[in-house]
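Residue strings, one per chain:
Protein chains: 2
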Amino acid sequence: MIKKSYFYKKTILNLLKNASPTDFFHQITDGNISYLSRAITLVESNNVKHLEKANQILELCLSNANKSIRIGITGVPGVGKSTFIESFGKYLTNKGKKVAVLAIDPTSTMNQGSILGDKTRMESLALDENAFIRPSPSGETLGGVARKTRETITLCEAAGFDIILVETVGVGQSEVTVHSMVDFFLLLKLANAGDELQGIKRGIIEMADAIVINKADGDNIKKVNSAKTEFSRALHLYPLKESGWAPKVTTCSALNNVGIDRIYEIINSYVNLTTKNGYFYTKRNEQNKHWFFETINSELKKQFYMNSNVQNALNIFLKKIENQELSPFSAAQELLKIKH
Amino acid sequence: MIKKSYFYKKTILNLLKNASPTDFFHQITDGNISYLSRAITLVESNNVKHLEKANQILELCLSNANKSIRIGITGVPGVGKSTFIESFGKYLTNKGKKVAVLAIDPTSTMNQGSILGDKTRMESLALDENAFIRPSPSGETLGGVARKTRETITLCEAAGFDIILVETVGVGQSEVTVHSMVDFFLLLKLANAGDELQGIKRGIIEMADAIVINKADGDNIKKVNSAKTEFSRALHLYPLKESGWAPKVTTCSALNNVGIDRIYEIINSYVNLTTKNGYFYTKRNEQNKHWFFETINSELKKQFYMNSNVQNALNIFLKKIENQELSPFSAAQELLKIKH
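Sequences listed follow chains E and Y, in order.
Residue 190 in UniProt numbering sits at position 190 of the first sequence; the count goes up by one each step and never skips.
Residue 59 in UniProt numbering sits at position 59 of the second sequence; the count goes up by one each step and never skips.
So that you can see chain E by itself, here it is in the shape it has in the complex:
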């Protein structure tokens, strides 16, 4: 029995290893999760050959993509993101939807153990055959992590997932990054003083299409409702979004599965409005162009700073700037000449 399973696994691995991009494409669009996972691994690899293969698979998959709704979910640690995604994800699979859960977490570079983490945090969703949970890729930079997640979205869409949830920790720039790859941006909040202002301060509220105040349960309900009023009032001060959409504020208890249906209703009204007025497609096209230029810019920098002449001279120039021997502008011009 053990032997059979061993041979079975080995056969699958060999199949995957020898599969052509076209094989991948057919298996992925047939909903074969082994091939999907392996293709994501290729996307996440830093091996040049793997990346080439990944690019070929992605190009084939592009034609099958774009039929999903991409939803970004953010919120500070402790807001109950995992419980929310578990509850919302189960709600969606119960409705017959296929749900992929991805993440952008630049900190996950540190602990490779986050695969286990993500799946145990969403135990019941992880066992659901209509759900696919993939932890944040590890990479050196937010940009690298983001590119990988962005390409994984395309693969999941080709594999027939209707809803793509992209989770991010509410820290630093990662929300901005997620915002640039999703159709709808959902901000999870808790009802407690101070937190409200912090959100405004960091400009995240401006990006939100919906603010969902979680933990509307037990003694907390009153506080949650008054937070809802406060946020609704604050949102009125912002100008109407380019999408024509007025962001909504709602409450839920992810723990007790209360208010989840209302969130799905809100997302559907958004999609209806923006597919009608065309913003949905305009935004996706703008996002693609954004990623195109972003990739070029980061590659240009990478190529420059990886150049050995540049690497040897960089610290000397930084020292000269520090010692006021060179202006930052002259130093930049001289370093640019050195590369050639």
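Keep in mind that the hints were calculated from the coordinates and are not lab data.
Bear in mind the structure is a predicted one, so any value in this text is a computation, not a measurement.
Here a beta-carbon is modelled for each residue, glycine too, at the ideal position from N, C-alpha and C.
A couple of the hints might just be wrong.
Result set (EDC-like, lysine to aspartate or glutamate): computed pairs, CA atoms no more than 20 Å apart in a straight line [claimed, not checked]:
#1 E:K228 x E:D261
#2 Y:K339 x Y:E299
#3 Y:K302 x E:E334
#4 Y:K319 x E:D261
#5 Y:K67 x E:E322
#6 Y:K339 x E:D219
#7 Y:K337 x E:E59
#8 E:K320 x Y:D128
#9 Y:K337 x E:E299
With the C-beta cut set under 10 Å, the calculated list includes, among others, these residues of chain Y facing chain E [to be verified]:
#10 S63
#11 E294
#12 L336
Start from chain E and add chain Y according to the hints.
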């Protein structure tokens, strides 16, 4: 008489034209405004020879720079920036300080007439021999405008100006840019509802070392004082700055020269605190490094997008992305290959 003046002007122009970088350096450090102005014109030029000469002058001047206080001043149109700078500038020259007023206004690219504008807006300061007003350079991008202003600061410092005021319109990214080249960032505000929240929203309050509520005169005083209370309360919610400085809120009437001394006191306490704890120099060093990397990054992009192969292919690739024939990532990789 007219003839004499004509010949005099011509002689000066010839002198300036034939002056070596060392001549410039000596004249500028002697406080010769004609040479200072001409050097700024070289900095602002897009002619490669001019820029080379400008760089040589800048390098000589660097050793004499850094003895000033650089103050950024921002605020939405209508807040009374010109009146404030006139009032504050006169206060400083009366104290025996030499004051340079520079600006970063990317919109000034549109109307070359802003020289006249700036000087007539600050009539009495413009006539003050201890003040030097230079309008925003015109350039294609905020980055270009910013580089020129940043280098002009160095020239003004070498010319012995003690206080450099850098004004910007309260629009878009220009405040962030000014913030990256000044020691102290002053936000001018008006007391009116709505405006407060907008400031928070755009993250500018986070950058401010002082918020000055202007137009504390006549019927307005009560409103200004309550705005002061409100801002002070809001600032308490932000964490302490890296500088160790707790931003201050104060009020003034630039029109009636009331409250101007208090602003100068605040700036001096900031300078005392940060020179003692070392943050003043750390920040300047960080700013220089920032400009170094910024210049490299923008030059890399410029070189790439100016390449004729890239220019010819760019629109084809954008079209392919729009038609979903290529992923933004593959398109970027292919375009990068085309340059070589």
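Verification of the supplied hints:
Distance check on the hinted pair: E:K228 and E:D261 sit about 17 Å apart at the alpha-carbon level, within 20 Å; holds. Restraint check for Y:K339 and Y:E299: satisfied, since their Cα atoms lie roughly 15 Å apart, inside the 20 Å limit. Between Y:K302 and E:E334 the alpha-carbon distance is near 16 Å, which keeps this suggested pair within the 20 Å criterion. For a cut-off of 20 Å, the pair hint linking Y:K319 to E:D261 is broken: about 39 Å separates their Cα positions.
The suggested pairing of Y:K67 with E:E322 holds, with an alpha-carbon distance near 15 Å, which does not exceed 20 Å. This hinted pair does not check out: Y:K339 and E:D219 have alpha carbons roughly 63 Å apart, beyond 20 Å. Simply put, Y:K337 and E:E59 have alpha-carbon atoms about 18 Å apart, close enough for the 20 Å limit, and the pair holds. In summary, the hint linking E:K320 to Y:D128 is not supported, as the alpha carbons are separated by about 37 Å, beyond the 20 Å threshold.
Straight-line distance between C-alpha atoms of Y:K337 and E:E299 comes to about 11 Å, which keeps the hinted pair within the 20 Å bound. Contact between Y:S63 and chain E, as hinted, is supported at the beta carbon level, the nearest pair being about 7 Å apart and thus within 10 Å. Annotation: interface hint on Y:E294 holds; nearest CB of chain E at approximately 8 Å, less than 10 Å. Here the hint on Y:L336 is kept, as its CB sits about 5 Å from the closest CB of chain E, short of 10 Å.
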